[in-house]
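Protein chains in written order, with the numbering used here: chain A, 1 to 482; chain B, 1 to 493.
These are calculated hints, taken from the structure and not from any lab test.
Treat the hints with care, as some may be off.
Derived pair list, reagent style SDA-like, types lysine to any residue, alpha-carbon separation capped at 25 Å [what the hints assert, rightly or not]: (1) B:LYS380 <-> A:LYS466; (2) B:LYS380 <-> B:ALA391; (3) A:LYS130 <-> B:ARG333; (4) A:LYS450 <-> A:HIS437; (5) A:LYS130 <-> B:THR338; (6) A:LYS395 <-> A:GLU379; (7) B:LYS380 <-> A:TYR96; (8) A:LYS80 <-> B:TYR370; (9) A:LYS80 <-> A:ASN35; (10) A:LYS80 <-> B:THR240; (11) A:LYS130 <-> B:ALA391; (12) B:LYS380 <-> A:PRO286; (13) A:LYS80 <-> B:ALA239; (14) A:LYS80 <-> B:ALA373; (15) A:LYS221 <-> B:THR338; (16) A:LYS80 <-> B:ALA391; (17) A:LYS80 <-> B:VAL381; (18) A:LYS466 <-> A:PRO344; (19) A:LYS130 <-> B:GLU340; (20) B:LYS380 <-> A:LEU287; (21) A:LYS80 <-> B:GLN377; (22) A:LYS466 <-> B:PRO301; (23) A:LYS395 <-> A:LYS450; (24) A:LYS395 <-> A:ASP366; (25) B:LYS380 <-> A:TYR276; (26) A:LYS130 <-> B:GLY336; (27) A:LYS130 <-> B:GLU335; (28) B:LYS380 <-> A:GLU428; (29) B:LYS380 <-> A:TYR278; (30) A:LYS80 <-> B:SER367.
Covered by chain A, per the in silico footprint, the following chain B stretches (three or more residues, Cβ under 8 Å) [to be verified]: (31) 206-215; (32) 232-238; (33) 315-329; (34) 335-349.
The C-beta atom is built at its ideal place from N, Cα and C for all residues, glycine as well.
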Amino acid sequence: MTGWEAVIGIETHVELQTRSKMFCGCRVDVGDEPNTAVCPVCLGLPGALPVPNRAAIEGIVKIATALGCVVNERSLFYRKNYFYPDLPKNYQISQYTYPVGEHGRLVLHVDGEELAVGITRVHMEEDTGKSLHVGSGGRIQEAEHTLLDFNRSGVPLVEIVTEPDLRTPEQARAYGAELQRIVRTLGVSDARLEEGSMRFDANVSVRRSGTSELGVRTEIKNMNSLRSLQRAIAFEIGRQVEVLEAGGSVVQETRHWNEAEGRTVAMRSKEESEDYRYFQEPDLLPLEIDEAWRQRIAASLPRLPAARRAELVALGADDRTATLLVDTPVLADRFEAAVSRGAPARTVGSWLTGEIVAYARSVGADVEEVVPAVEDLVELAGMVEAAELSATAAKQVLAGVLAGEGTPRGVAEARDLLQISDEGALEEAVAAVLADHPDVVEQIRAGETKPIGFLVGRVMRATGGKADPRKVQEIIRREAGA
Amino acid sequence: MTDLADLTISEASRGLDDGRFSARELLEAVLRRATVTEAQLHGYLTIDREGAFAAADAADRRRAAGGRRGPLDGIPIALKDNLCTRGVETTCASQILAGYVPPYDATVVARLREAGAVAVGKTNLDEFAMGSSTENSAYGPTRNPWDPERVPGGSSGGSAAVVAVGSAFAALGSDTGGSIRQPAALCGIVGMKPTYGLVSRYGLVAFASSLDQIGPLARTVEDAATVLAAVAGWDPHDATSHPEEPPAFHRSLERGVEGLRIGVVAELMGAGIDPEVLAETRAAVDRLAAAGAEVVEVGLPSVDYALSAYYLIAPAECSSNLARFDGVRYGLRVEGGTAEEMMARTRAEGFGAEVIRRILLGTYALSAGYYEAFYGQAQKVRTLIRRDFAAAYETVDVLVSPTSPTTAFRLGERASDPLAMYYSDVCTIPSNLAGDPAISVPIGLDSRGLPIGLQIMAPALGEEVLFQVAAEVERGAGFAARPRLASSEVMEP
Chain A
1 MTGWEAVIGI ETHVELQTRS KMFCGCRVDV GDEPNTAVCP VCLGLPGALP VPNRAAIEGI
61 VKIATALGCV VNERSLFYRK NYFYPDLPKN YQISQYTYPV GEHGRLVLHV DGEELAVGIT
121 RVHMEEDTGK SLHVGSGGRI QEAEHTLLDF NRSGVPLVEI VTEPDLRTPE QARAYGAELQ
181 RIVRTLGVSD ARLEEGSMRF DANVSVRRSG TSELGVRTEI KNMNSLRSLQ RAIAFEIGRQ
241 VEVLEAGGSV VQETRHWNEA EGRTVAMRSK EESEDYRYFQ EPDLLPLEID EAWRQRIAAS
301 LPRLPAARRA ELVALGADDR TATLLVDTPV LADRFEAAVS RGAPARTVGS WLTGEIVAYA
361 RSVGADVEEV VPAVEDLVEL AGMVEAAELS ATAAKQVLAG VLAGEGTPRG VAEARDLLQI
421 SDEGALEEAV AAVLADHPDV VEQIRAGETK PIGFLVGRVM RATGGKADPR KVQEIIRREA
481 GA
Chain B
1 MTDLADLTIS EASRGLDDGR FSARELLEAV LRRATVTEAQ LHGYLTIDRE GAFAAADAAD
61 RRRAAGGRRG PLDGIPIALK DNLCTRGVET TCASQILAGY VPPYDATVVA RLREAGAVAV
121 GKTNLDEFAM GSSTENSAYG PTRNPWDPER VPGGSSGGSA AVVAVGSAFA ALGSDTGGSI
181 RQPAALCGIV GMKPTYGLVS RYGLVAFASS LDQIGPLART VEDAATVLAA VAGWDPHDAT
241 SHPEEPPAFH RSLERGVEGL RIGVVAELMG AGIDPEVLAE TRAAVDRLAA AGAEVVEVGL
301 PSVDYALSAY YLIAPAECSS NLARFDGVRY GLRVEGGTAE EMMARTRAEG FGAEVIRRIL
361 LGTYALSAGY YEAFYGQAQK VRTLIRRDFA AAYETVDVLV SPTSPTTAFR LGERASDPLA
421 MYYSDVCTIP SNLAGDPAIS VPIGLDSRGL PIGLQIMAPA LGEEVLFQVA AEVERGAGFA
481 ARPRLASSEV MEP
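Using the sequences and the accompanying hints, generate a full structural model.
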């Protein structure tokens, strides 16, 4: 692959979780019985007309604003015409010139470097229904028959298009992940890739390093995880380079990512591709988003991931921890609260992004359901600070707290994990170990320090790990006359 | 005694109020008239006797209980068959919608029902409202009630014909390029296209969304105003409907035209207009002048391009609007090996020749590489036409012209010449492009005994002055002739 550079742009579709659909009053609900959330409008019955959903417009303006776009005061709806059985009107209401948002950018941090990705446009459209092709490999061409479900038809869909600013599959993945965080933070969509409420298409081309002309691109569809987004792009770059190095040429076409086989497969070429015959939607007036409305929405935006991450770093989290915390807002909240009440950032950050996330995964629960209360985190951190618990014991206590065994102190006592800090008890234990190892004591007296660690280990073993190692060391030095 | 079917709405409404007859008797009179005329006329595609009698009886019960809903309570009205009616077949006169029964009422239909009107049935039209003669119906043409060898005009030919013969007191039609006004003129009745957005289009099967408007066809100007009043006004289901209160057009009928400035459209008073039509138009204009209006000649230069612009914009929108008829969810399905083949076969067999012609035209006009030259250019002409009208209305209150360049033509005469057929709408199309209201009022007969209509046009939401002038034209013309099919020798053979 050396000597080649990839040029990548990403189109993302995000389903907005509004109460009702984009152009009718039907509920937006995943998991309904097929064709139960439908009406004349979203079924495309003769005579039905669309009426825009104000909540969806607010949702897209939030996204456009968060991505630093210019929000057009007057935005236009267009019809995108193409025939497909799950598109009830055989045109999709979408946008073309004057989309809701244009000229934005999203700043990423990839491998310690800052990368600004241009956002070409953020536009509003309606989703299609779903096809279930029966008696085939899931392709309409081979189906015996096709079942249609129009519950999704007309669900508000936001399309976010980047400039071709990405160069590597890792950057593409980082873009996808950051966009997902932003959309979730805004609360406009759950942005679940597996369920299709967030979907990526990637445009990929390659060129010789150092050249500036764009190569012929292909569009890849059907990546339903961040991992497959990265893998598909990596595969496609490799495939194109292979084709070009063999003296062939890349065909402009749409390719389907086959997750199981780990490769992209041609779907349709440019020659077969549609002329969408865009024209302004005559059933809708231009969308007016006036200054007051724009400002009200902008003022209502929550802290975005980038800002939040910067705040967490300022509180003492490292970059990686901050990114992980921002992914799950409840963890970031706990972190902030615990640190502001004196808990050390490093310890709390490590628990939240380590043990707590792992526990949630192991029991198949949402982090929100299992994350300990701020008081418990502060108490646990305090016990470590006061040397009542070793770092290892603290993790055991945390496990007990997560399992619902009680407060940190309660668990520590019940599980007998409190460190022995009592001088007398420790002196006794040290004396016993020193008596057993007179030769080692001699070495220490002779000025060697290394064997001190060996003796500390013996004392720890003798106390079942409950002794405070720092204190033990102190006593050994004193008693052994180091 | 006059047959009840020949009363105007205002007369019938008074009769019902006075208890001189019942809504059931009115309906029976209308259905009797239909029984006599329909065999020749073919104005109706569906007559909903059961639904109509239920509605008439309900109106009678309301009146008996002292709860009359308004002037339309108990009045039999016909609906063009491109208006969705819950539970009643709605075909758009197309094979592709044969047997299609909508699950909902168009807003206008719901409003008529709320007003107590009795929906008699669904009237014939050119398939999907595309045509000027009602010959493009998949279920056979409607005949002109004044001469069954001639067309009633179109596309609302069925609505115009049934109102003219008395098998409905009024009807709703739709007007995309003249489809209410031109058949009204050719059938000797009043037909009115409201300002774009005054009447909700929800439930009107779309032909060209930016041009379509629903409006009334009636035997008098007052009746047209009564029907319009019942259906006009903002509808939350139509984003293009006007949120303001409708103009007070019902109160201007008696005002006369004293002091009004009336512009005669120069471009529509010369070449291509039948001399007899021109003569009657001038006579009507002279009567307006005699009644106190100031008459001036007005030029609308861009009107010469209106027909060309219309035949790009309307087909472009229709090519998209009619895409949904694909056999997947409703209506006709012709099976094929693949989904694509099924859709293609359904459309090829389900649509008639004129519909296919317009879909092809429109698809072409919107295609990549042609868009700017055709659709884009047509939109620019539309803007020019709007400006010409706006400029004219700075100096005049209303504009007048013939409604149709000729009186009713013979069946088949223009069927094989689309351009000649398209020319039928040369006078009416400009108002659709401008989005302004216009009305056709009968003013006389030509030497063959065929009716002639005068078109009056007003600025957007200018329905008040429009009806004011229309009422004066009606008084001046004293048009009282009745079509042959509704006369006594036909009725009682």
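Results for each hint:
1. B:LYS380 <-> A:LYS466: violated (87 Å)
2. B:LYS380 <-> B:ALA391: holds (17 Å)
3. A:LYS130 <-> B:ARG333: This hinted pair holds, its Cα atoms lying about 20 Å apart.
4. A:LYS450 <-> A:HIS437: holds (14 Å)
5. A:LYS130 <-> B:THR338: holds (17 Å)
6. A:LYS395 <-> A:GLU379: It holds: about 13 Å lies between the C-alpha atoms, which stays within 25 Å.
7. B:LYS380 <-> A:TYR96: holds (19 Å)
8. A:LYS80 <-> B:TYR370: holds (16 Å)
9. A:LYS80 <-> A:ASN35: OK: LYS80 of chain A and ASN35 of chain A at ~24 Å, within 25 Å.
10. A:LYS80 <-> B:THR240: holds (20 Å)
11. A:LYS130 <-> B:ALA391: violated (51 Å)
12. B:LYS380 <-> A:PRO286: Between LYS380 of chain B and PRO286 of chain A the Cα gap is close to 18 Å, so the pair holds against 25 Å.
13. A:LYS80 <-> B:ALA239: Holds. LYS80 of chain A to ALA239 of chain B sits at ~19 Å (cutoff 25 Å).
14. A:LYS80 <-> B:ALA373: holds (19 Å)
15. A:LYS221 <-> B:THR338: Given pair LYS221 of chain A, THR338 of chain B holds - Cα atoms ~23 Å apart, limit 25 Å.
16. A:LYS80 <-> B:ALA391: violated (35 Å)
17. A:LYS80 <-> B:VAL381: Given pair LYS80 of chain A, VAL381 of chain B holds - Cα atoms ~24 Å apart, limit 25 Å.
18. A:LYS466 <-> A:PRO344: holds (22 Å)
19. A:LYS130 <-> B:GLU340: holds (17 Å)
20. B:LYS380 <-> A:LEU287: Judged against 25 Å, a Cα distance of about 21 Å means the pair holds.
21. A:LYS80 <-> B:GLN377: Satisfied, since the Cα-Cα distance of roughly 20 Å is no more than 25 Å.
22. A:LYS466 <-> B:PRO301: Roughly 100 Å separates the two Cα atoms, so the pair is violated.
23. A:LYS395 <-> A:LYS450: Status violated; Cα separation ~28 Å.
24. A:LYS395 <-> A:ASP366: Within the cut-off at roughly 20 Å; holds.
25. B:LYS380 <-> A:TYR276: Given pair LYS380 of chain B, TYR276 of chain A holds - Cα atoms ~22 Å apart, limit 25 Å.
26. A:LYS130 <-> B:GLY336: Holds, at roughly 21 Å.
27. A:LYS130 <-> B:GLU335: holds (21 Å)
28. B:LYS380 <-> A:GLU428: Roughly 100 Å separates the two Cα atoms, so the pair is violated.
29. B:LYS380 <-> A:TYR278: holds (17 Å)
30. A:LYS80 <-> B:SER367: OK: LYS80 of chain A and SER367 of chain B at ~12 Å, within 25 Å.
31. 206-215: Answer holds; 4 residues pass the 8 Å Cβ test.
32. 232-238: holds (count 3)
33. 315-329: holds (count 10)
34. 335-349: Since 4 is at least three, the answer is holds.
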